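Peer 1: Chain by chain, the residues:
2 protein chains.
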Amino acid sequence: MSNHRILTLTFAVAAAVTATGPAQGAIGNEPIQPVAAAKTGNPALAELGKKLYFDTRLSKSGFISCNSCHNLSMGGTDNLKTSIGHNWNKGPINAPTVLNSSMNVAQFWDGRAKDLKAQAGGPIANPGEMASTHELAVDVLQSIPGYVSEFKTVFGSDKVTIDEVTKAIAAFEETLVTPNSRFDKWLRGDKKALNASETAGYRLFKDSGCVACHNGPAVGGNSFQKMGVVAPYKSSSPAEGRVAVTGKDADRFNFKVPTLRNVELTYPYFHDGEAATLRDAVDTMGRLQLGKKFTDGENAQIVAFLKTLTGDQPSFKLPLLPPSSDTTPHPQPFGK
Amino acid sequence: MSNHRILTLTFAVAAAVTATGPAQGAIGNEPIQPVAAAKTGNPALAELGKKLYFDTRLSKSGFISCNSCHNLSMGGTDNLKTSIGHNWNKGPINAPTVLNSSMNVAQFWDGRAKDLKAQAGGPIANPGEMASTHELAVDVLQSIPGYVSEFKTVFGSDKVTIDEVTKAIAAFEETLVTPNSRFDKWLRGDKKALNASETAGYRLFKDSGCVACHNGPAVGGNSFQKMGVVAPYKSSSPAEGRVAVTGKDADRFNFKVPTLRNVELTYPYFHDGEAATLRDAVDTMGRLQLGKKFTDGENAQIVAFLKTLTGDQPSFKLPLLPPSSDTTPHPQPFGK
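Residue numbers (the numbering used here), protein chains in the order written: chain W, 15 to 350; chain B, 15 to 350.
Each hint should be verified, as a subset may be incorrect.
It does not matter which identical chain is used: a pair holds within one copy or between any two.
Below, in silico cross-link-like pairs of lysine-lysine (DSSO-like), each with a Cα-Cα straight-line distance of 30 Å or less [stated by the list, open to error]:
hint : residue 1 : residue 2
1    : Lys199    : Lys65
2    : Lys206    : Lys166
3    : Lys331    : Lys321
4    : Lys104    : Lys306
5    : Lys173    : Lys321
6    : Lys65     : Lys306
7    : Lys206    : Lys321
8    : Lys173    : Lys205
9    : Lys65     : Lys248
10   : Lys181    : Lys220
11   : Lys206    : Lys173
12   : Lys331    : Lys205
13   : Lys321    : Lys307
14   : Lys331    : Lys131
15   : Lys321    : Lys53
16   : Lys166    : Lys321
17   : Lys307    : Lys53
18   : Lys65     : Lys53
19   : Lys331    : Lys199
20   : Lys331    : Lys53
Simulated from the structure, these hints should not be mistaken for laboratory data. Bear in mind the structure is a predicted one, so any value in this text is a computation, not a measurement.
With the hints as constraints, model all of the structure from the sequences given.
Peer 2: Encoded structure:
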């Protein structure tokens with residue numbers, strides 16, 4: 015380990031701890047805070063967004079929706095190493111969970127979208143994902159009477175815009191928080207919510223330095239950090255992280271720290287999905303980020319703690335989508 | 015039109031009318047009866063089936079579930095001409111709606127599965143659809159503690175079997191009926207439930223002979239009929255219908271008559287999905303099955319009637335799936 019790397023790590027720890035100190039309202043000075051219940055600012059907007067989130071007609075093929083890769087039956091992910099897109103395209107990166115994503119400092123692993131609204135438009139128009147265009151997506155929605163009237167109710171206009179579409183999807187995604195995990199109950203004073211192994215795991219998680227990056231209500235999501243601090247992370251993934259956004263060489267292999275909320279559900283792990291199990295992920299993180307080889311017992315305790323971060327999953331009725339009309343552009347799953 | 019074809023048609027009409035006479039409890043001697051509400055014989059079994067219906071882990075890729083092609087947000091279909099399967103395989107035939115499918119005389123367009131249970135195992139192991147095997151699907155479920163305990167509660171055994179899997183999926187599908195359509199309200203005596211154009215459409219539907227095949231509670235689904243009675247149906251589809259099951263040349267291009275319940279939602283139409291709109295479908299059916307060219311006004315009235323067949327869609331919470339364990343076989347979306 016070079017001196018430079020030790021300094022980088024130390025600095026990162028210090029910076030993160032400072033950023034998440036008492037100012038964030040820690041309970042008992044813990045570096046992790048409970049997840050707050052969703053605020054429902056505009057229920058009609060979020061309800062429209064829910065429909066759009068499940069609507070495969072936002073894709074060129076008519077087969078892929080937001081929920082295809084951020085599946086709300088499965089922890090808000092697809093549980094694949096990297097995602098499947100239009101024409102069975104193999105995506106370059108692991109789909110991050112949509113759960114609690116409103117707490118992220120920015121969206122995507124490299125943070126190229128500043129918020130959920132900016133993110134929502136990306137996959138729709140990505141040729142390797144939903145493969146539509148914003149123009150086509152809007153034309154499709156504009157041709158569907160049920161949507162036109164719902165957009166009018168929510169936005170007051172007969173004309174659907176991509177800005178409204180992404181605003182609605184983001185509003186729905188803001189409701190996708192997962193409060194009431196066992197760990198949050200423990201944080202709030204219910205000391206029986208965790209068993210001895212789980213509390214030992216949390217102590218290890220703090221004492222070993224995991225909390226340097228995985229802190230705050232989302233237990234991550236609030237900073238970019240180098241993947242491979244103590245030793246380089248070897249991957250066949252082409253993703254280079256934050257450098258793609260900033261152009262700064264120092265940001266190469268800097269990725270947004272993923273939230274650990276519901277991590278039991280969001281396997282496989284890392285930006286390349288190469289860690290199949292929590293045991294593997296904890297082992298790799300210990301060695302490459304902290305220069306620490308956890309024993310099997312320590313690893314198991316940390317994993318036990320991580321499984322206490324599973325909160326109440328979003329609970330809602332499967333949305334029913336308004337039917338297309340005779341003038342709706344047809345899906346184009348094959349050819350061209 | 016040959017004499018043979020006229021005779022075939024006449025016979026088909028007579029046979030169908032006989033088969034669906036007063037014995038089925040017609041209201042006011044109408045050839046269509048209301049859809050009955052779902053019976054909930056074994057709610058725990060249906061609840062397990064619901065999870066399986068939404069579980070992408072029944073596919074080799076981990077990406078495709080029953081709901082992918084029989085999407086309950088979209089009338090129980092995928093609204094594509096033909097479906098997308100593993101590796102973006104282009105399916106040979108239009109996905110029929112799962113709604114009210116328990117009323118079908120048999121399952122699939124060619125009736126090769128005698129019931130929903132027999133059907134459910136097909137797509138899981140079809141290389142062009144979910145591309146798994148029954149063995150792999152069972153291995154996956156057996157590795158998931160949440161499923162093992164739920165199967166044990168429902169079936170009383172620690173060992174998951176494909177027979178149990180398909181039984182549960184079928185039990186869920188039996189709940190997917192759509193009562194309370196406007197037409198059913200009209201049938202039950204609420205004469206204001208339909209407007210003049212819609213009742214005129216129903217009269218045309220009966221008087222023109224559509225009811226010969228589209229009758230009973232499902233307005234179809236209860237017989238196999240030749241596609242192209244009066245004139246041949248031209249299609250690039252390789253599907254030849256019932257002959258694939260019976261081996262009888264007389265069954266070539268005989269397909270199961272699709273239900274018209276919720277037909278407003280189940281576009282595009284026919285076994286090859288080539289009719290994009292109800293207008294097209296009504297026009298083609300009139301010409302090829304009945305030797306009748308409907309005027310634009312008649313066509314519009316029949317379409318207006320057909321849209322009154324949309325019933326209450328299944329309403330339930332999006333199921334939450336139990337997470338995989340460290341020993342769960344990994345999805346294999348790419349390669350091999």
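Peer 1: It remains to establish, for every hint, whether it holds in the given structure.
Peer 2: Here is how each hint holds up against the structure:
1. Lys199 - Lys65: The answer is between: 28 Å across copies meets 30 Å, while 32 Å in one copy does not.
2. Lys206 - Lys166: between (50 Å within a copy, 29 Å between copies)
3. Lys331 - Lys321: Intra 26 Å, inter 24 Å, cutoff 30 Å: intra and inter.
4. Lys104 - Lys306: neither (34 Å within a copy, 50 Å between copies)
5. Lys173 - Lys321: between (46 Å within a copy, 26 Å between copies)
6. Lys65 - Lys306: For Lys65 and Lys306, the Cα distance exceeds 30 Å both inside one copy (46 Å) and across copies (40 Å).
7. Lys206 - Lys321: within (15 Å within a copy, 57 Å between copies)
8. Lys173 - Lys205: Answer is neither: 54 Å inside a copy and 37 Å across each miss the 30 Å cutoff.
9. Lys65 - Lys248: So Lys65 and Lys248 fail the 30 Å test inside a copy (40 Å) and across (37 Å) alike.
10. Lys181 - Lys220: Neither, since 37 Å and 48 Å both go past 30 Å.
11. Lys206 - Lys173: neither (54 Å within a copy, 34 Å between copies)
12. Lys331 - Lys205: neither (34 Å within a copy, 32 Å between copies)
13. Lys321 - Lys307: within (21 Å within a copy, 65 Å between copies)
14. Lys331 - Lys131: Both: 23 Å inside a copy, 26 Å across copies.
15. Lys321 - Lys53: Within one copy, since 25 Å is at most 30 Å while 38 Å is not.
16. Lys166 - Lys321: Answer is between: at 24 Å across copies they meet the 30 Å cutoff, but 43 Å inside does not.
17. Lys307 - Lys53: neither (41 Å within a copy, 57 Å between copies)
18. Lys65 - Lys53: both (19 Å within a copy, 28 Å between copies)
19. Lys331 - Lys199: both (27 Å within a copy, 25 Å between copies)
20. Lys331 - Lys53: Both. Shortest intra-copy (18 Å) and inter-copy (20 Å) distances satisfy the 30 Å Cα cut-off.
Hints 4, 6, 8, 9, 10, 11, 12, 17, counting from the list given before, are not met by this structure.
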